[in-house]
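Okay, so the sequence shown: first residue is 287 according to this note's numbering, each after it adds one.
Keep in mind that the hints were calculated from the coordinates and are not lab data. Each residue gets a CB set at the ideal place from its N, CA and C atoms; glycine is no exception. Errors might be hidden in some of the hints.
Here are the in silico distance ranges between beta carbons for each label pair [to be verified]:
1. R416 <-> P453: 38 to 44 Å
2. F467 <-> A313: 19 to 25 Å
3. W476 <-> M423: 35 to 41 Å
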Amino acid sequence: MRALRILTISEARLYLRDPANGFFALAFPTVLLLVLGTVMPGMRDRIPGLTGGFAGLRPIDLFVPITLALAMATVSLTTFPTVFGAYREKGVLRRLSTTPLPASRMLVAQIAINVVALIAAVVVALVASRVVLGIAMPDQPLLAVGMFLLGAVTMISLGCLMAALVPSAGVAGGLGMLLYFPMLFFAGVWTPGPLMPESIARVSAFTPLGAASQAMSEAWFGSGIPAQQIVVMLVWTGVLVPLSARLFRWT
287 MRALRILTIS
297 EARLYLRDPA
307 NGFFALAFPT
317 VLLLVLGTVM
327 PGMRDRIPGL
337 TGGFAGLRPI
347 DLFVPITLAL
357 AMATVSLTTF
367 PTVFGAYREK
377 GVLRRLSTTP
387 LPASRMLVAQ
397 IAINVVALIA
407 AVVVALVASR
417 VVLGIAMPDQ
427 PLLAVGMFLL
437 GAVTMISLGC
447 LMAALVPSAG
457 VAGGLGMLLY
467 FPMLFFAGVW
477 TPGPLMPESI
487 ARVSAFTPLG
497 AASQAMSEAW
507 FGSGIPAQQI
517 VVMLVWTGVL
527 VPLSARLFRW
537 T
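Kindly generate the complete structure, drawing on both the sequences and the hints.
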């Protein structure tokens, strides 16, 4: 436990020294919501014709759970696996393989750092957006927290699989971008909430980020339990975590 704590502190210091981590992992969700809400026309006007839990909402309100999903994708598909790609490329992991440190410790340390960064980013984004834009807060706050944490674990599990295999930072970045934008599409970045066509929403519910986005939207604006999305995220996590541990390469 002491070795894991020392490793986590050391990796956290390296993480904070990288300006890209500070912006994309910590500041990007806040900047995105504030820019959308203050610069984009119509984002703070109520959407006519919406019913049920969506009645009276504005576009910026619909984007809140989607932005949280975007934050998950940014951390898990870009910053997280890139660290392992860089370490593998520079021989850091090869040198660590000669020590008693198991691969799981490095994964756990990086997961802890990125989860803390993600939580901090989301808290700042919600507080800032509530103060500046008056965004809608979740109708089911406890469910929203649970769905956010489950979604974060699911997406970081996908990041773990990438981290286990990518040979370099460049490959990690390229593969991350290859997955990033399709994931954002299914999360509803371009068709938020009830604006997403039903056929796409059905497919989206089976993707890790789409399921997370839909589950958080239900917690934000609905009154039910997103059972299908919860099962989908649990299945993805149950497959990705052991697969990542099995396929992890030091070199």
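To see whether the hints hold, each was checked on the structure:
Checking the proposed 38 to 44 Å range against R416 and P453 shows it holds: the Cβ atoms sit about 43 Å from each other. One distance hint, 19 to 25 Å for the beta-carbon pair F467 and A313, holds here, with the actual separation near 20 Å. Taking the beta carbon of each, W476 and M423 are about 24 Å apart, not inside 35 to 41 Å as hinted.
The structure shown violates just one earlier hint, number 3.
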